Amino acid sequence: MILIRCPYCDEQRPEVEFVYAGEAHISRPQNPNLLSDDEWAEYLFIRKNARGVHYERWVHAHGCARYFNAARNTVTDKILMTYKTGEPKPSVEEIAEAAK
Amino acid sequence: MSSNQHSNELTIDQGVVLAPVLTGASHEVSVVLVPERARFSLRVKPSNLKALSEASELDLPEKIGASTLASSTKILCLGPDERLVVSDVTSGGTLRRMFAELSSQISFSYADISHRNVAFEISGARAVKLLNTGCPLDLCLRAFPVGKCTRTVFEHAEITLLREGEYRFYVELWRSFAPYFVRLLEKAVKSR
Ligand SMILES: [Zn+2]
Numbered sequence: 006m007i008l009i010r011c012p013y014c015d016e017q018r019p020e021v022e023f024v025y026a027g028e029a030h031i032s033r034p035q036n037p038n039l040l041s042d043d044e045w046a047e048y049l050f051i052r053k054n055a056r057g058v059h060y061e062r063w064v065h066a067h068g069c070a071r072y073f074n075a076a077r078n079t080v081t082d083k084i085l086m087t088y089k090t091g092e093p094k095p096s097v098e099e100i101a102e103a104a105k
Numbered sequence: 004m005s006s007n008q009h010s011n012e013l014t015i016d017q018g019v020v021l022a023p024v025l026t027g028a029s030h031e032v033s034v035v036l037v038p039e040r041a042r043f044s045l046r047v048k049p050s051n052l053k054a055l056s057e058a059s060e061l062d063l064p065e066k067i068g069a070s071t072l073a074s075s076t077k078i079l080c081l082g083p084d085e086r087l088v089v090s091d092v093t094s095g096g097t098l099r100r101m102f103a104e105l106s107s108q109i110s111f112s113y114a115d116i117s118h119r120n121v122a123f124e125i126s127g128a129r130a131v132k133l134l135n136t137g138c139p140l141d142l143c144l145r146a147f148p149v150g151k152c153t154r155t156v157f158e159h160a161e162i163t164l165l166r167e168g169e170y171r172f173y174v175e176l177w178r179s180f181a182p183y184f185v186r187l188l189e190k191a192v193k194s195r
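For the record, the sequence lines run as chains G and R.
Each residue of the first sequence is one higher than the one before, counting from 6 in our numbering.
Each residue of the second sequence is one higher than the one before, counting from 4 in our numbering.
Derived by calculation from the structure, the hints in this document are not laboratory data.
This list has only true hints and no planted wrong ones.
Think about it this way: if two alpha-carbon atoms lie no more than 25 Å apart in a straight line, the pair counts; the simulated PhoX-like pairs of lysine-lysine are:
id, chain 1, residue 1, chain 2, residue 2
1, G, Lys89, R, Lys48
2, R, Lys66, G, Lys89
3, G, Lys89, R, Lys151
4, G, Lys89, R, Lys53
Here are a few chain G residues that sit away from chain R, every Cβ distance over 10 Å (derived from the structure):
id, residue
5, His30
6, Leu39
7, Ile51
8, Glu98
Quick caveat: nothing in here was measured; it's all calculated off a predicted structure.
C-beta atoms are modelled at their ideal positions from N, C-alpha and C, and glycine is treated no differently.
Given these sequences and hints, build the entire structure.
Below, the structure written as structure tokens:
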């Protein structure tokens with residue numbers, strides 16, 4: 006069982022309490038009317054599918070019920086760090102520091 | 004659980020009826036259905052928490068996982084802006100009127116969820132072992148001290164767990180999950 010640190014509860018909690026919620030840091034375009042179909046499709050469907058560090062959303066569904074962000078290595082499945090929604094995307098250095 | 008207790012009659016109002024189970028439980032652990040309670044889901048932004056605490060004279064816990072208890076009213080902080088208030092039915096009426104009054108002065112929301120949940124009290128020396136048959140949390144006293152509460156899971160049911168004593172837990176869950184929950188407990192007690 007993987008333990009995930011919820012940044013709101015500030016605790017390591019069992020994976021079964023969490024639900025994955027897709028790639029993080031994707032903001033909805035301010036004015037969708039100005040977008041071409043391709044640009045809109047890009048926003049809706051195109052994701053990084055990174056090999057390595059991936060920024061993603063999780064929700065502590067059976068806990069505090071909050072959404073938060075995580076940086077996870079998709080090769081090792083190790084969750085390197087978690088942080089609150091609205092906080093800036095951490096740099097590779099910050100992630101390495103947090104994962105120590 | 005001894006068979007002469009009224010609580011053995013696990014009949015829950017609002018249409019959920021449980022067979023009188025858990026009769027096989029030893030004195031080391033007992034599971035008792037808590038009588039009807041009033042419940043409110045209270046949502047208030049951290050910036051309004053103090054004002055609401057003062058105006059309502061309720062000791063609203065600030066930190067996730069913290070709980071307070073005053074006479075018959077338990078208040079559990081389950082999320083950054085979420086508190087569960089559980090009281091006896093009579094106090095519930097008073098709380099409901101007070102929340103209605105205060106809602107014109109302070110920005111917060113309250114929803115009456117009295118009949119959504121049922122509660123069980125699980126106590127005894129083997130209470131932790133019994134809970135851990137379905138709940139993955141570390142329930143040792145250091146990790147989960149008296150007064151701590153949280154939403155978590157018991158097998159496939161979501162539960163709200165509060166430790167009221169070293170050997171005493173208060174568990175709430177949606178009433179439709181109650182038969183499932185009790186059957187699992189019964190099985191765990193019997194198979195030890
Ligand atoms: Zn949480």
